[in-house]
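Residue numbers (numbering that gives the first Met the number 0), protein chains in the order written: chain A, 0 to 235; chain B, 0 to 938.
Careful: at least some of the hints might be erroneous.
DSS-like, lysine-lysine: derived pairs with alpha carbons at most 30 Å apart [said to hold, decoys possible]:
| hint | chain 1 | residue 1 | chain 2 | residue 2 |
| --- | --- | --- | --- | --- |
| 1 | A | Lys115 | B | Lys545 |
| 2 | B | Lys658 | B | Lys720 |
| 3 | B | Lys627 | A | Lys80 |
| 4 | B | Lys627 | A | Lys66 |
| 5 | A | Lys80 | B | Lys773 |
| 6 | A | Lys115 | A | Lys80 |
| 7 | B | Lys544 | B | Lys54 |
| 8 | B | Lys36 | B | Lys545 |
| 9 | B | Lys624 | A | Lys115 |
| 10 | B | Lys624 | B | Lys717 |
| 11 | B | Lys742 | A | Lys188 |
| 12 | B | Lys67 | B | Lys343 |
| 13 | A | Lys161 | A | Lys80 |
| 14 | B | Lys169 | B | Lys227 |
| 15 | A | Lys188 | A | Lys205 |
| 16 | B | Lys742 | A | Lys186 |
| 17 | B | Lys517 | B | Lys717 |
| 18 | A | Lys65 | B | Lys544 |
| 19 | A | Lys65 | B | Lys54 |
| 20 | B | Lys637 | A | Lys80 |
| 21 | B | Lys157 | B | Lys181 |
| 22 | A | Lys66 | B | Lys637 |
| 23 | B | Lys279 | A | Lys115 |
| 24 | B | Lys658 | A | Lys115 |
| 25 | B | Lys544 | B | Lys868 |
| 26 | B | Lys799 | B | Lys717 |
| 27 | A | Lys115 | B | Lys717 |
| 28 | A | Lys56 | B | Lys773 |
| 29 | A | Lys80 | B | Lys696 |
Hints listed in this document are in silico derivations from the structure and should not be mistaken for laboratory results. All values reported here derive from a predicted model rather than from experimental measurement.
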Amino acid sequence: MSKKSIIVYFLSIIAVAVTAEWTIALEYSLNDFTNGYPLGVIEMRRSFDGNFTGTFKPTQESGFGKKLIDAQDGTYSVIAKSSTQPGQQFLSTNDPCLFLHSNLFHVFSASINQEKQQLNMLTVFPDTVAWQKDEESKYNSFGKTCKERVGELSIDNSGTPKGSVQIVGQSTLPSPDTASFVHRIEKEKRAKQHGADADNRSFLAKYWIYIVPVVIFAMISSAVNPEAGGEGQAAQ
Amino acid sequence: MKLSLLVIQLLVYSVVAIFEDQAGKFDWRKTLIGCPKSTIFDDSGRSDRIVVFTKESIMGSLSLHTGKIEWRRILESTASNDAAFTSDDEYIYTLSDGGRIFRSWRKVDGVLVRQILVSEEISTRNSIEVLDGNIFIATSNKLMSFTPEADSPANVVKFTSDRIFSSFFKQGNELLFASVSKISPKLNFVSINKVELFADGVDLDFVSYEPERCHVQNMYISCFNGNKLSVADVFDKNVFHTELDHDITNVSGSGRIIFARGITDLEVFEISNSNIVALKKIKVTPDEEIGFVEPQDSLFLVSPSYVRVVSITLDTAVRVPRVASENHSPLISVFVNPVKKNAKDYELLVVGADCRLELLSVDVSAKAIVSEWNREESLINVESVELVDLPLTESQQMIEDEFEDNESNIMSAFIRRLQVQFGQFCRILSRTFENIFYTLSTFSIHGNGLSDFINSIRSTSSSSNNAPFERDYFNLRKVILATTINGAVFGIDSNDGSVLWKIWLGDDFAPLESISAKQRVPLYVQRTTAHYQLDGLASVVFSNKKTKYGVIVTFNPMIGQVVSKNELPYSIKRISLLPITNQKHVYPILVVDEENEISFYPSINQNELSSCSSLFLMDVDRNSKTMKGLEADLINRKLRTVWSGNIGLASNEEIVAVKGKSFQQKVHSQGRVLINRDVQYKYVNPNLAAVASLDRKNQQLTIVLVDIVTGHVVHSAKIVKAAEPVHLVHSENWIAYSYWSEKGRRTELGIIELYEGHGEQARKEFFDSKLGNKHQPAVLMQSYIYAQGVEAMTISETEKGLSMRSILLAHPSGNIHEVSRRLLDATRPMELTPAMREEMIIGYVPEIAVSSEEMINYNLTVHRVRGIKASPSGLESTSLVLAYGTDLFFTRLVPSGTFDILKDDFDHIFISMVLSGLVFGSYITKRLARSNALSAQWS
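Isolated chain A, as found in the complex (with noise of 0.2 Å):
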């Protein structure tokens, strides 16, 4: 590696880990904000080939399992305010009880516009993954209660809110990809010009479905009629 690819390659490092770039903050409620409570902040990064990762940092609240077991059959509520959005706030929303169920395990989708560095929507949910005893995967949101939804609670839910976070990014919608297809039409010519292309399997592997019916129609041919051939050679 040249001196100078090693500088460009630190400067990219630095680039990367001086714009830690922006940041997520979240609230929670269980109560449709008469009280709210930080939830914890996502911070944003860029890597390399441009994408961004997101990681929650959750606040230190012990008694968050706590609170919702209290609300379970209410509504968990969660605000996300994007730092580069001043004044715009996104609300999710989704049932406490299946969060209890998934060890407070939370999934943050996020769905950002990559070049604006903006959040469109933040989504809550809970992290299947970390379901427990869902062998029938009959966890639903379904119900009324908690109960009906997920059944006994038996967990020891004393934990603080931990959370992974998915990131929908803008993609852009095709284009008739006639490049690719004129192409395509341009090698297929060229191949058959140059004859590249040619079949070069065998004699046999290529006419076998030719060959094989006039065997066969030769072996019936033969055993239908074997005193033929003793005729043939009697009159030679």
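Based on these hints, arrange chain B on the given structure of chain A.
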């Protein structure tokens, strides 16, 4: 070689054209002209006709005797529909496309004679006049004259400010142009001599011109304000003022006669000797509409139940009753044509508020009225369409009855079975006798010979038009329900397009307004005819013009009988059909009012609601660009915000389409088999909605897929250099869209398909939005060039969702193109391997070819299509399709071919006849052979 193979493969899969003898067999088209603005009665040529100009910028000629369209020309339509026209003995002259294109047409057959591009800019106030072959055209900012030969103007007068009123006045060979500018209320004149234009220095002081309070006739402009009537004589440059003892609501007139109408009185004035003279005062009722034409003396006061003929000079009055229709709308205009042969005969073209045209022939001396014909032109403004099954047949009902009753013992069930089968046997017998009788009668009338006999048998078997009003075997015949923005609801027979019934929704009808400022008249089928003991129910929702409160009218969709009319005490903010039924099998309508309170029509109790405790709605605030997820708590009847955010919408973006999925949609297959025999599972989220937004400034189209329950953005993608028109359809696990690409200067079609990530199906039994996904769904996208514009887009629907779906695209040229999902597919590979070829996968070709064989409406052009409605039939292969716009077009569609039914040219009658002939023949020959053998032995 490979390419040619590919082309052949494409041809094999996409040719679905119909044969010549199938044309018109399953399809029909209804051509319409719209609501008349003005008419010309014309008796030149062989037959009499009425040339009609309509509010929809359509010009058409109707036969005076039958009411059928002789010819029709559809002019360019702009937002303000400001086409102008005039006529002379031989030609009609039109100025359309916002005053940009002048055309002249032959009156007899509507042939285009001449066309001039008059101006480049759009104008909102246009008028046109012709004198001695010279053409005079006025737009908002200039007046032009053209000679018959040249295509460039001979003279031009430019106005300093835009005109709010302009009109030509003709008196003998004298022509005058009068106009009012934006800035001054004075009447400004330009006199015309041949093609010379002279601006008159004199301006005439007149009342401020307002189009809805003024009327223009031959030489006069009359305006009213309160009880004051002002009439300007443009040639004498004189203004007359007069005061009435009541307020004026409307002013009209013809020639020298002016009518000032109040609520109860109609005052008749005549202009004579530079003075305005009150001739008469006539008592009128609000439902009477006046019709008058100079130089006749008779004034016609037409009401839905009678016609009054009043002389304006003498004291004679005749009242002629007419057959009153029960469900009538008020009349809006009457056009009078005196019949030349008999001075006492008149023809009246009566136009209702529901755009119903009726031609009345009035014989004043005999006091007789004949209704010659009528046309339901309101169908040009169809807004919502639903297709409803016909009621069960008697035998189907018997079968249902048999299985309904579970409690009876074996013996009674056996007796019931016998009864049912006896009933069926009787029905078959009676039908057979009927058929035989019909066949024999037609045979005895028409013909002799075997071919006639076969034809008559065929016609009996296909004479479904005479069949009773009940469901056919394959449920192919339906009742089409259509609401119009004029306030009429129609029931149309899908067999032939005939109007079965019509409901007028009342004089206070006003359409609802959607968030995208479109006029909507939603229609909901609340109970289908599947429950044979109960009648079907459908509802139409609109608002009251005066109070702005919502109104729900519920009716029986089979006979058009109104069951109930609910005047709500609040205005409607949001409306939706609940996905659960109450005890009477009715899907209630959920109404959200301005205070976010929820109510149901008809009501539903707590027990019935237990299966569905909440419903999720999405709400868009157009100003702040915020999307909100609302949970409708059906039990406590409250709305609660469950999520909010802008889903990435910038302030200059506008939402152009939002498409969710119907809760009745069926997805047959859960996955797609890949070439390596793996299965890729579809991401089928019933709560998913696709939102398309357009940034007009930066020409950027964004499509966001949102889960309505949680607000989770499943996918978001954008494309630059995209412009309107944007159309979007959403079904199963895919979204198809079309847009205008500014980059390629062409229309492009795109497809987005969603599959479960990581190749496994997450939840097989149910889908729960609140649990989220372990893996993001895999998104496949592809786009294609489409060489035609798109006016409307829809997806075919079949009974079980088993057939391959087709996308129907309406072109501005009037075609409806069927594109199979096999072609509009995001998984078409660029490189085809032999294994793929074996599986008949179609390789990627960047263009979706538009071939004339794929037009489902063959040569029946359907203009200005606004929407296409697809509905399943009883056959899995067949989808029923109605396209509506200026015309209505109905057909059957077979997206995957007719795999479950014999071809319609399968001649079972001929085959059975030949078969029985052969059996009979063999029997005869056997006898003959035996006798022959016997005689041979004897000899």
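Which earlier hints can't be squared with this structure? As far as the earlier hints go, 1, 18, 19, 23 and 26 are violated by this structure, in ascending order.
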